[in-house]
Amino acid sequence: MTRNMAEVKLGPVNSIPPGEGRSFAAGTEKIAVFRTRAGAIFATQAQCPHRGGPLADGLVGGTVVMCPLHSWKFDLATGEALFGDCGVKTYPVRVDETGEIILTI
Amino acid sequence: MTEKQKLVVIGNGMAGARTVEEILARGGREQFQITMFGDEPTGNYNRILLSNILNGSYKEDEIFLNPLSWYEENGIRLLAGKRAAGLLRRARLIFGEDGTPEPYDKLIIATGSRPFIPQMEGITLPDGRFKPGVFVFRTLEDCRAIASYAKGKISAAVIGGGLLGLEAARGLQNFNLDVTVVHLSGHLMPQQLDSSAGAILKTKMQQLGVNVLLKKHTTAILGQDHVLGLRFADGSTLECDMVVISAGIRPNWEIAAGCGLTVERGIVVDDQMRCVEDRNIYAVGECAEHRGQCYGLVAPLWEQAKVLADHITGRNCHAAYHGSKVATKLKVMGVEVASMGIVEPRDEDDEVVQFSEPKRGTYKKLIIRDGRLVGGILLGDISKAAYLTQAFDRNTPLPEERQQLLFDLGDPPKKVTYEEMNAATQICNCNGVSKGAIVACVKAGKRNGKAVMDATRAGMGCGSCKGMVTEIVEWACGGETEEDPAIHYYVPGVPLTKPELIRAIRERNLRSVSAVFDYLSGGKEDAASKPGLASLLKIIWKADYEDERDARFINERVHANIQKDGAFSVVPQIPGGITNPDQLRRIADVAEKYHVPLVKLTGGQRIDLLGVCKEDLPKVWRDLDMPSGFAYGKSYRTCKSCVGSDFCRFGLGDSIALALKIEAEFQGFDSPHKMKLATAGCPRNCSEAMVKDVGAVAVEGGKWEIYIGGAAGSSVRKGDILCIVDSHEEVLKYMGRFIQYYRENAKYLERTHGFVQRLGIDKIRAVVVEDSEGLAERLEREIAESKAAYKDPWRESYMGPEANQFSSLLPVLA
Ligand code: SRM
Ligand SMILES: Cc1cc2nc3c(=O)[nH]c(=O)nc-3n(C[C@H](O)[C@H](O)[C@H](O)COP(=O)(O)OP(=O)(O)OC[C@H]3O[C@@H](n4cnc5c(N)ncnc54)[C@H](O)[C@@H]3O)c2cc1C
Ligand code: SF4
Ligand code: FES
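Keeping their order, the protein sequence lines are chains A and B.
For the first sequence, this note's numbering assigns the number 1 to the initial residue and increments by one for each residue that follows.
For the second sequence, this note's numbering assigns the number 1 to the initial residue and increments by one for each residue that follows.
Keep in mind that the hints are not guaranteed to be accurate.
[What the hints assert, rightly or not] Only pairs whose alpha carbons sit at most 30 Å apart, straight line, appear in this in silico DSBU-like list of lysine-lysine:
#1 B:Lys524 to A:Lys73
#2 B:Lys6 to A:Lys73
#3 B:Lys733 to B:Lys718
#4 A:Lys9 to B:Lys619
#5 A:Lys89 to B:Lys498
#6 B:Lys6 to A:Lys89
#7 B:Lys82 to A:Lys30
#8 B:Lys443 to A:Lys73
#9 B:Lys466 to A:Lys73
#10 A:Lys89 to B:Lys524
#11 A:Lys30 to B:Lys619
[Claimed, not checked] Not the full set, but computed from the structure, chain A residues with beta-carbon under 10 Å of chain B:
#12 Ser15
#13 Gln47
#14 Ala81
#15 Lys89
In short, the hints are calculated from the structure, not lab data.
C-beta: ideal position from N, C-alpha, C; glycine also.
Construct the entire structure; sequences and hints are all you get.
Here's what the structure looks like:
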């Protein structure tokens, strides 16, 4: 599974306000990155598996994001669907010592 | 730990996947290493709903039962898109089409069936492929192919007037095609209906616009390199641009026959769903033949899957399948058909109870043997279907009074019915949920219909059983379903009613949404509750509210309404529908400059710029330089107005001036739900003020009637008159008091019509007009403070309040 794994820098963590998400274009993939109010950082596929809603525009509560279009809910840590039929892909992501967001894809 | 056995399943359809679910539910993950071959490239979907995909009532993504992630989560290796081509029993190996071997200890064959293609000329091209325009109707792929070919075509034929053929025909109408069903025998749905019912059904289908040709034997598909028509044995022809063949199904048994397993109509299995020659091989679903029967419906395969799972996991090695009784329903909008068992009496003593009213399209026929139901047809009125299906399924004695079976002459009490119902009776045929499972779910604490449906998936397929599920839940709760206590909470995530919540917020001086979570829900954030809390805090604290951007719904973050593709619509403020050339020019310029795809006059007398991309929003506002119309918010929206006394020959009051004052007074106010207002210059009510949340209508004598709680959306209601007053100023005063009272007391997302009906107009009039509770002064003060705190959000926004608020996609750095 290590095939083609790469780390990419997404810029400083405060480019995402607490409790919100932003979408990033990483190569051909679109990734949504979320920063919770508690300070944790998560990354998922950018589009909702339901009808392609922009997850980064969703509401975040704890480690759950709710899609802005029809309110499907996903656990940011596992990608599991808490409401809806299908979960989302998640990606490893962290903040390094300099406050930079590092995503692994 | 002993090594896991290798379990291979061929076929990833409804039976294969369900059997694996049943095996997992019996702890099979510990016992088996599971691999599935699936010819279709996707996870498992609900094949039954393909008819709904074709007729446009469902989207593809709504019919998946097990998405790909399910397989992963359950440790199942899914070889999606890979066909199993050969089987070597001695070596216990399956071969994929590419020849790769896959060893197994236990094998389950669940290959289903394929459409039967009758002998006809001209079906295929010389290279063996279907001629363009020839289709079958079995898979999602088929649906896609039909849909894409149908575009721009004029007519279609369906060969076969059975259940599936009729569903296909109705589906094809969705593409504006002229559809003809061509059927070999003398009446439609011969397996489920007798000739009288068939004749009525034919009339119904024709009324729905589907042509029906009976006794037509298709001998050729015409057209050189694509379909142009059909030719029949009697020499006649039919022109059509495409044809869907739906002439029955044939079990896929080839893989079994190829290695010497007994195959007759299907793969022959015993009562444990095991092949007779090989104890390690099972077959399940449409490919299996049990006691001479192959089934073509899902209900039997749910039963088979349970027995198979019990047996293979060793949970219950005596589990046995004894065959199923089949009942069907036609899933065609506009036609109600239910059928079970035999369609004509067979024994001399068989008793037939019948009612027929062909003109109204109603037909009912029951065949009773020894006081029990052995067959039934219901057409037009299927209200008794649930009861009869159950009597048929359980083989229970029928009441002496036969009329009761056909008509509602006061049902036997529900309680008795459900009490008697066998726990194993399947209620939801799409997802295979039994009465027992529903009752167990109620016992486990889910005490209302919705909670049970969420937990069991009952009712989540075609939806036809929802009513029955709810009834069973009610029955199982002893008639007292428990309201979810959460319905009394203002928002789901904070366990307090609105008055309790307001008190707590004031007492503890909580000024932000995160503070509310910290103090009132033990620090647990709930995404869905955030906008409701933000709205309430703003109503309570006005300018002193501590705004947290993440608590706002996206619309309120970017001050525009999100649309299906993630673009936004922009509606500038146009109070009373009054605009001027300068504004129109700016709107036109913006529309041009930002390539706005659609400019539309709204039902709220404003102009909507639809399809603006997120990045452009701040520029669009700056260029428009008009305040927000709040068309996105749970807030005051707008005040429509008619022409009024300045121009209209009937005008009694100045409705335009009043509308402008109203908008200036209440613009931007957050509220439990949207508030739409209107003013009308006379009772002709051209601006529909009587059906608005709040409206004012001028009447003779310089007076204004104030209406509240009107509605003309999904509910329609004429508002109640709150009071009649003499001046614009008084209109503003009483409207203001009502609006503030509503803001403070309505539940989140409760429109004024619900609120007014809940409290009653008398109570509201007492508080708002007569000041029975001494609140009036405070309500007016709150309104004044809210008004003072109003800021046009658009101006604030293009100053850039937050990092990257308007970028839809950020680049990566390295
Ligand atoms: C633009 C407009 C249609 C039009 O082209 O005329 C419109 C468009 C939408 N309406 Fe409406 N409604 C529009 C007038 C109405 C009216 C008529 C009116 O306001 O005079 C009604 C009936 C009155 C009422 O409000 O009940 C109306 C009843 C609804 C409803 C049903 C509310 C209900 O409970 O019955 C919804 C759904 C909701 O709010 O939950 C809705 C929701 C929507 C939303 C916001 C759907 C959404 O949440 O995304 C639509 C946004 C489309 C978009 O992408 O921008 N719209 N909608 C109208 C905007 C008026 C304006 O200038 O503000
Ligand atoms: C449009 C439509 C509407 C229907 N409506 C109803 C209804 O209202 N009520 C009802 O009860 N039933 C209905 N049915 C019938 C119901 O869908 C079937 O009875 C059910 O799907 C049978 O399940 P199965 O698993 O046996 O077969 P399938 O669901 O067909 O699954 C078999 C799977 O095995 C795969 N496969 C076959 N051979 C191989 C191989 N060699 N290697 C790998 N994979 C293979 C196939 O691609 C398929 O995915 C409907 C069917 C259709 C097509
Ligand atoms: S409501 Fe009365 S004043 Fe207004 S346009 Fe209609 S008729 Fe004229
Ligand atoms: S697109 Fe996300 S819930 Fe519909």
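### Pair hint outcome, B:Lys6 versus A:Lys89 [Cα-Cα no greater than 30 Å]
28 Å, holds
### Message
Does A:Lys73 sit within 30 Å of B:Lys466, going by the straight-line distance between their CA atoms?
### Response
24 Å, holds
#### Entry: Hinted pair A:Lys89 and B:Lys524, Cα distance within 30 Å
The hint holds at about 24 Å.
### Task
Take a quick look at whether B:Lys6 and A:Lys73 sit within 30 Å of each other, Cα to Cα.
35 Å, violated
### Per-residue hint verdict: A:Ala81, partner chain B, C-beta under 10 Å
At about 8 Å, which falls below the 10 Å cut-off, the nearest Cβ of chain B leaves the hint on A:Ala81 intact, so it holds.
### Query
Given the hint that A:Lys89 pairs with B:Lys498, does the C-alpha gap stay at or below 30 Å?
38 Å, violated
### Query
If you draw a straight line from the CA of A:Lys30 to the CA of B:Lys619, is it 30 Å or shorter?
This hinted pair holds, its Cα atoms lying about 25 Å apart.
#### Entry: B:Lys524 paired with A:Lys73 [C-alpha distance capped at 30 Å]
It holds: about 16 Å lies between the C-alpha atoms, which stays within 30 Å.
### Task
Classify the hint on A:Lys89 as holds or violated, based on whether any CB of chain B lies nearer than 10 Å to its CB.
9 Å, holds
### Message
Check whether the Cα positions of B:Lys82 and A:Lys30 lie no farther apart than 30 Å.
### Response
It holds: about 29 Å lies between the C-alpha atoms, which stays within 30 Å.
### Query
Would the stated hint for A:Ser15 survive a check requiring a Cβ distance to chain B of less than 10 Å?
5 Å, holds
### Query
Given the proposed pairing of A:Lys9 with B:Lys619, does the C-alpha separation stay at or below 30 Å?
29 Å, holds
The structure does not agree with the numbered hints 2, 5 stated previously, though it agrees with the rest.
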